[in-house]
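Heads up: the protein sequence lines correspond to chains A and B, in order. In terms of numbering that gives the first Met the number 0, the first sequence opens at residue 0 and continues consecutively. In terms of numbering that gives the first Met the number 0, the second sequence opens at residue 0 and continues consecutively.
Because the hints were derived from the structure by calculation, they are not lab data. Some hints could be false.
Restraint-style ranges between C-beta atoms, simulated for each label pair [stated by the list, open to error]: (1) B/His-63 with A/Asn-314: 34 to 42 angstroms; (2) A/Phe-213 with B/Lys-1: 35 to 43 angstroms; (3) B/Asp-55 with A/Trp-156: 57 to 65 angstroms; (4) A/Glu-396 with B/Pro-54: 33 to 41 angstroms; (5) A/Gly-409 with B/Lys-66: 52 to 60 angstroms; (6) A/Leu-210 with B/Lys-66: 32 to 40 angstroms; (7) A/Glu-372 with B/Ile-87: 26 to 34 angstroms.
Only part of the chain A face toward chain B is listed, based on derived beta-carbon distances under 7 angstroms [said to hold, decoys possible]: (8) Ser-69; (9) Thr-223; (10) Ile-225; (11) Ala-226; (12) Glu-233; (13) Ala-252; (14) Ser-260; (15) Leu-302.
Each residue gets a CB set at the ideal place from its N, CA and C atoms; glycine is no exception.
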Amino acid sequence: MRLITKATLLFLFISLLVFGIAGIITYGTVMKTVATETDYSIAMNMWLLENAIREGKPLDALQSDKTNISRVDVVAPGDTSYSFSDTMAMHPYLKRLEPHRKLKITRNIDGEYFRFVMFDNFMERDDVSDGIINLMTRLFLSLGLILLLFSFLISSWLFRPFQKTLQKIRTFNLKDSEKLNFAKTTTTEFEQLNDFISQMTDKARRDYISLKEFSENAAHEMQTPIAVAKGKLELLIENPHLKPDQLPFIQSAQASLTKLSRLGQALSLLTKIENDEFTSRETTDFSEVLRQSVSNFEDLCELKGLSLEKSISDNVMLPVNASIADILVGNLLKNGVRYNLENGWIKIRLDKDKLVVENPGLPPTVPTDQLFERFRKNNQSGQSLGLGLAIAKKICEVNNWIIHYHFKEGVHQLIVKFDSTP
Amino acid sequence: MKLLVIEDEKALADNIKSYLSTNEVICEIAHSYQEAIEKLNVFSYDVILLDIMLPDGNGLDVLHLLKQEQSEAGILIISAKNSLDDRIFGLELGADDYLTKPFHLSELNARLKAIYRRRKFQGFTEIKFNEINIDTNNHEVSIDGQPLELTVKEYELLLFFISNKNRVLTKQTIAEHLWGDNVDFLDSFDFVYQHIKNLRKKITAGGGQDYIKTIYGLGYKFHNG
Chain A
0 MRLITKATLL
10 FLFISLLVFG
20 IAGIITYGTV
30 MKTVATETDY
40 SIAMNMWLLE
50 NAIREGKPLD
60 ALQSDKTNIS
70 RVDVVAPGDT
80 SYSFSDTMAM
90 HPYLKRLEPH
100 RKLKITRNID
110 GEYFRFVMFD
120 NFMERDDVSD
130 GIINLMTRLF
140 LSLGLILLLF
150 SFLISSWLFR
160 PFQKTLQKIR
170 TFNLKDSEKL
180 NFAKTTTTEF
190 EQLNDFISQM
200 TDKARRDYIS
210 LKEFSENAAH
220 EMQTPIAVAK
230 GKLELLIENP
240 HLKPDQLPFI
250 QSAQASLTKL
260 SRLGQALSLL
270 TKIENDEFTS
280 RETTDFSEVL
290 RQSVSNFEDL
300 CELKGLSLEK
310 SISDNVMLPV
320 NASIADILVG
330 NLLKNGVRYN
340 LENGWIKIRL
350 DKDKLVVENP
360 GLPPTVPTDQ
370 LFERFRKNNQ
380 SGQSLGLGLA
390 IAKKICEVNN
400 WIIHYHFKEG
410 VHQLIVKFDS
420 TP
Chain B
0 MKLLVIEDEK
10 ALADNIKSYL
20 STNEVICEIA
30 HSYQEAIEKL
40 NVFSYDVILL
50 DIMLPDGNGL
60 DVLHLLKQEQ
70 SEAGILIISA
80 KNSLDDRIFG
90 LELGADDYLT
100 KPFHLSELNA
110 RLKAIYRRRK
120 FQGFTEIKFN
130 EINIDTNNHE
140 VSIDGQPLEL
150 TVKEYELLLF
160 FISNKNRVLT
170 KQTIAEHLWG
180 DNVDFLDSFD
190 FVYQHIKNLR
200 KKITAGGGQD
210 YIKTIYGLGY
220 KFHNG
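So here's chain B without its partners, still in its complex pose (with noise of 0.2 angstroms):
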């Protein structure tokens, strides 16, 4: 995947190129307006992040801008306005997701992730690890085959774990993930634990490997072997 990171903060998208760039990531940052027109210019990418808030320029002009020549790129806007109208008008403009500052960088890479293979597979979109296959359009998951029956929340945490492979991933950023502000952090621990027994059960059960490592006192990682 390569990804293009239109954000002036360099703190930022230094943070985001850090945990990003893997094997299968190409990650690049263009730190203004200007920067990201001339990058767009030259290179083709699958997926941009776009921070709406430039120094020399509208990110909402970029957005324009990739629309006019028709981009197959993905688009996921950043912002530090967390308001309803600015999140429509950005979607309405063709942005294909919209994150609102401070995001956990494990929530955008789940986000970035979903967007890409939206675009990369117009549809067709299975994620296979291992014995686990989820099937993301219809929201099915089966283990060697055998379908495996997940509430809507076991769904997400299992879809964001999985996004999200070899990487630790705190109670507070599931938590945050699936409820979003709707919970206070202390309640918030009791339920990821109880959603993460629960698909722990029903994973082993219908006959896969329990793949969620317990990193006391921080979190869970979704670890291969």
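Only chain A is shown next, with the shape it has when bound in the complex (with noise of 0.2 angstroms):
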């Protein structure tokens, strides 16, 4: 619900409220104002009949339906002050009992005591509340119209400047060189919102290029001396005086070195893919892209015994960038010869929602979620660097696939699902 029809929702609702108090309150203002101008006039006619009597006009010929005089004799100490009350009465032309007002007073005129009993028809209360009821529903009606017109017609003139801010914020990216830059409102909020939005993005603008600059430079130059020290075995080895023991030393040295270049650009390829900086979605032939890395791992699986069986949709085309397409698809099959069984076999199967690869091999010693955690090995002492799948998870993330690994009787499946709409 949009922030203004909740807020005129709200006052509606706050309207009702006191318009009823208001209307409790009017009528019994209403109320009592009648009843003291019925009173008035009851006095006034009672006045002008005490008048008459003293003129000597004949009693029968003052009595009405509505007043009843009468001499009496004796007076009680409270019976000359004026009582008004309220009182149901036989209304005239109604023919029914309605609410009256009565005054109950005995006077003295020239020597003579008089009690009067009047009655006057007292406005109806239904009137007065159907009266006000209406006159507070059209209020009420009339202001919420008003209300909600105009609510509509300000909040996309008041709500501006909190919309660009919403369109900025959505269309902000991480690797845009510009900064965020707001237009000046005079909202108050909106104001420290936008500023707020700025010195945040600011801020993780420059975290990323920071560490982007970080990751890029301790992969680059970490290969350096890497390369050096390389060399150096590689003349190391030329030398004619080395004995034959000391061999086996260079070669493990040089081993450890190619792994320690290798990690150093798995963790930097793994970082640029995490900042998406392979966001180039041109569309792959991902059947394409599949043979080629078939065909390079065919003669590895033939060393190792490995039967391969592919079956390869044609046109499978994909938007995603071409490099890690060929990356994912490496770290997939590479994961399918190491893991696999002395004469084994790996299927290859693409269509064109999901690529599997299977291969028999030993159950897993971890759980087979966990495999896509980097540095999470089957084998912890094995050559893997432990970060083929991690990177395969990764590739998969940024392109919203799905990928996931099934181990079941004696079978290892890797699955990657194009569409992630379940």
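Assembly of the complex is requested from the two constituent chains, each provided in isolation within its own frame, with the hints serving as guidance.
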């Protein structure tokens, strides 16, 4: 629900309460005023009758269905004061009992006491409340109508800076070189919001840039010293005075250096993917990428005695950067070859919505979904870096693909689903 | 072959020079962009080894300059950046090959020789090693004129050996040359052994000598006598 709708509804609800209370107060006030006025008019009539008696008009002539005058001899102390009260009496035209005001008083007129009992019909309660409800309803409806109309007209104007801010945030990209610039607004809250967001995004951008620079530099700077060390070892190998038992040390040092350099490259690749640096979304012929990659593995499979079974659908076109598609496929195939059995097999299946790589192997020593974590390997002492599946997973994540690892009845199965909608 | 190594890291440049300098190869070093430009103005080289990241300039500018002057020299880029885009960019600018740090010196040697062959002999590229003859254009090998059937990997292996004759090649170097990053060390050693076994068999069966010497615990050497 939009903020302005919420505010309007809340305001209307409060107005409803206020109008209700106002109605009750109005009703009370009106009733009180009407009573006072009625009382006053009865008293006026009484004074007129008093004058008439004083002038000697006969009592019978003065009687009416609303007036009863009688001569009295005994007067109680309270009888001479005005005594008004509510009562019910027959309405002359409506022929039913209606609320009336009643005055009871005993007056001394030229030494004689007369008792007056007079009625006057009172304004009907129903009429009053009906009138007030009617009035309040009209007022409330017109208020509500005007409020709704204006709130919708004003909201677009009032919330324009907010909408603009939202739009900016929506299109914000860490990789943009431009800072986020917000238009000036006179609304304090929006100004604060904009300030806060620009500070936050500036910090995020700075962090992103420094992280990116660091990871790139770390990976590059590492490679040159490794290249130097590797070269020295190669020069050392050429030395004819080396004893045969010294050679394995060189070999093992070389292997460690290679591993170190690959580790740096893999970590920097992972960071690059995380930083969304492969966002060029050209359409890639995934079938072709897969065929290429499989052909690179064919002789390795042969050497390892693995039978390779592939069923690759043609023209699987996917919106993905070709080089990370190649890395993904390479990592999955490498995984399939590495954790295979002697004289095992590897099955590769690609169709429009998924890629499946299957191979037999020993049961995994850790839960299969944990194999996607960095440095989580099936065989901790093995030669692999433990980053291949982490990279594969990251690639799937940035492309909104889903990757699953199943192990069932001695078969490892890796599935990449290209459509993330369930 | 006259070679210019443009590399700011002194230790690495020295490695390259020590490894490559032979009777056939004269190797000079430029440690900076400025030095490289000066040397290129005065001398001409067959092959230039170019590091993209130099302290006082970009290696790609050297490449531009060479292309402008329509230099005959072959160019091999070495870079710490292992990214496909850089690789393609460098090759599009007219470099002959691209090698990522850290590399094996024997790999560098093989690539330089390949560039040199292509440049120098402009298409007609035959390598002779005693009775073995390799036509690198058609990827054909013959022994004493008799054609020898080799698989792609065996051919690559033989070429790598002959490019690095009389040098020790570790199993790891060979494996990386043949399969790149796709293999693990332990597995690949067996694979290398199998390929070498097959290659030896084919060469000797074809009437050639067995030039491949096994160096225990380390690797192999292609050795003449």
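Each hint, compared with the structure:
1. At roughly 39 angstroms, the beta carbons of B/His-63 and A/Asn-314 sit within the given window of 34 to 42 angstroms.
2. In this structure, A/Phe-213 and B/Lys-1 meet the distance hint of 35 to 43 angstroms, their C-beta atoms being roughly 40 angstroms apart.
3. The given range of 57 to 65 angstroms is respected by B/Asp-55 and A/Trp-156, whose C-beta atoms sit roughly 58 angstroms from each other.
4. For the pair A/Glu-396 and B/Pro-54, the supplied restraint of 33 to 41 angstroms holds, since their beta-carbon distance comes to about 38 angstroms.
5. Checking the proposed 52 to 60 angstroms range against A/Gly-409 and B/Lys-66 shows it holds: the Cβ atoms sit about 57 angstroms from each other.
6. With their beta carbons about 36 angstroms apart, A/Leu-210 and B/Lys-66 fall inside the hinted range of 32 to 40 angstroms.
7. The supplied range of 26 to 34 angstroms is met by A/Glu-372 and B/Ile-87, whose beta-carbon atoms lie about 32 angstroms from each other.
8. Using the Cβ-Cβ criterion of 7 angstroms, the hint placing A/Ser-69 at the interface with chain B is not satisfied: the shortest such distance is roughly 119 angstroms.
9. Taking 7 angstroms as the C-beta cut-off, the interface hint given for A/Thr-223 holds, the closest approach to chain B being about 5 angstroms.
10. At about 4 angstroms, the closest approach between the beta carbon of A/Ile-225 and any beta carbon in chain B falls short of 7 angstroms, and the interface hint on this residue holds.
11. This hint holds: A/Ala-226 has a C-beta 4 angstroms from the nearest C-beta of chain B, less than the 7 angstroms allowed.
12. With its C-beta approaching chain B no nearer than about 5 angstroms, A/Glu-233 sits inside the 7 angstroms limit, and its interface hint holds.
13. A distance limit of 7 angstroms between C-beta atoms decides the matter here; for A/Ala-252 the minimum to chain B is near 11 angstroms, and the interface restraint is violated.
14. Taking 7 angstroms as the C-beta contact cut-off toward chain B, the hint placing A/Ser-260 at the interface holds, the least distance being around 5 angstroms.
15. A distance limit of 7 angstroms between C-beta atoms decides the matter here; for A/Leu-302 the minimum to chain B is near 4 angstroms, and the interface restraint holds.
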